[in-house]
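Asker: The lines below spell out each chain.
There are 2 protein chains.
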Amino acid sequence: MNISGISNSVIRRLPRYYRFLSELKSAGISRISSAELAKKMGVTASQIRQDLNCFGGFGQQGYGYNTELLKNEIGKILGLDNAVPAILIGAGNLGRAVALHMNFDSLGFKLIGIFDRKESLIGQMVRNLPIRNVSSVDEFCRENLPKVAIFCVPKSEANAVAKNLVKCGIKAFWNFSHYDFASEYPDIIVENMHFSDSLMTLSYKLTNDEKTD
Amino acid sequence: MNISGISNSVIRRLPRYYRFLSELKSAGISRISSAELAKKMGVTASQIRQDLNCFGGFGQQGYGYNTELLKNEIGKILGLDNAVPAILIGAGNLGRAVALHMNFDSLGFKLIGIFDRKESLIGQMVRNLPIRNVSSVDEFCRENLPKVAIFCVPKSEANAVAKNLVKCGIKAFWNFSHYDFASEYPDIIVENMHFSDSLMTLSYKLTNDEKTD
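Line by line, the protein sequences give chains A and B.
Reminder that position 51 of the first sequence reads as 50 in numbering that gives the first Met the number 0, one-by-one numbering, no gaps.
Reminder that position 108 of the second sequence reads as 107 in numbering that gives the first Met the number 0, one-by-one numbering, no gaps.
Hints should not be assumed to be uniformly reliable.
Each pair may be met inside one copy or between any two copies, as identical chains are not told apart.
Unchecked claim - Here are the simulated DSSO-like pairs of lysine-lysine, each with C-alpha atoms no more than 30 Å apart in a straight line: (1) Lys146 <-> Lys170; (2) Lys204 <-> Lys38; (3) Lys146 <-> Lys38; (4) Lys24 <-> Lys170; (5) Lys117 <-> Lys75; (6) Lys109 <-> Lys146.
Hints are computed from structural coordinates only; laboratory data are not their basis.
Note that the structure is predicted; figures quoted are calculated from it, not measured.
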């Protein structure tokens, strides 16, 4: 499904809606008004209605939202029913933590390979996957056609590794490195997880007593 | 320094400016025009001028920007010259990776304590700090007055742990958990690192072929 003209800020809120609706569903709450949902999420009811209207509403006058239905609809919009094959590049502390921490299957992805260059790591098992030598990534991509790379590579190596992965057909990066894909690869899909940017933003908020997210 | 009326999106771009200027400085580039900087960063020159004008400019007609001066100024705006005492709560895979991965000192913080509830972890050293029993966090806070908590706690425990930390005087959270502080603690400063939200956003971008960040 391709939805055009949806603002970035709405898109950014969708995962949060999805999380809250999942919790409501687990709590056995099958129906909720936009007012109640707004209160729970700390936003306004009209923002929720506006956001969800971008995708065609889902709400019913006087009934509110069916939590399971809305959760599933937002899940579809987010593409969480996919199982996009993904590889992890860089199995250091951070890479391993990401591999162990994330429930990829429920988020639209399938982790099929883990790679590093460090001899001492090769062969170690992480989440039932062996850490492979990154020198074998080309062959692995030819055979298994991963579309996404979880990119946990030191900045010094990022440029060369990224270049090779794009050559190997990787279409999207979940980027934990400080490498800036946008300027180098305008046609590649990137979602950045920039830890230091986030920590600097916290420092700014503290310094300037900003509470906004 | 308290700067009011600066839009969130400008604030979000400051760390990126800071990173690029740091790289330019390390590369020995002492001066750059907004056009060159824009090209490097994949934004427009007028956006850069607009952004920096929020903080009083720094550019000189016909000269451009002095990279070191601008880096230092943005660093001050971000409060990176601070050394705000911070504690890490939750020393599992993710918490340890964060502790080992981040260069807190250069980002305005000083990591002074690491806590977990798991007996088997207590006493282990991470980055020259022993993992302490979270039951001793109250006493530690009374003695050492940390202002920030790096929050890597499972959702199931997040509510209780957060409540206690706020009671102990923690003013800001770098939040890696799925716990939503905003609704519970409107007066607390929070910067969220929501891995699953980010991965869901990547899934959305892939599903809808969105390249924007």
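Asker: Mind listing which of the numbered hints don't hold for this structure, in increasing order?
Answerer: The structure conflicts with hints 4 and 5, although it agrees with all the remaining ones.
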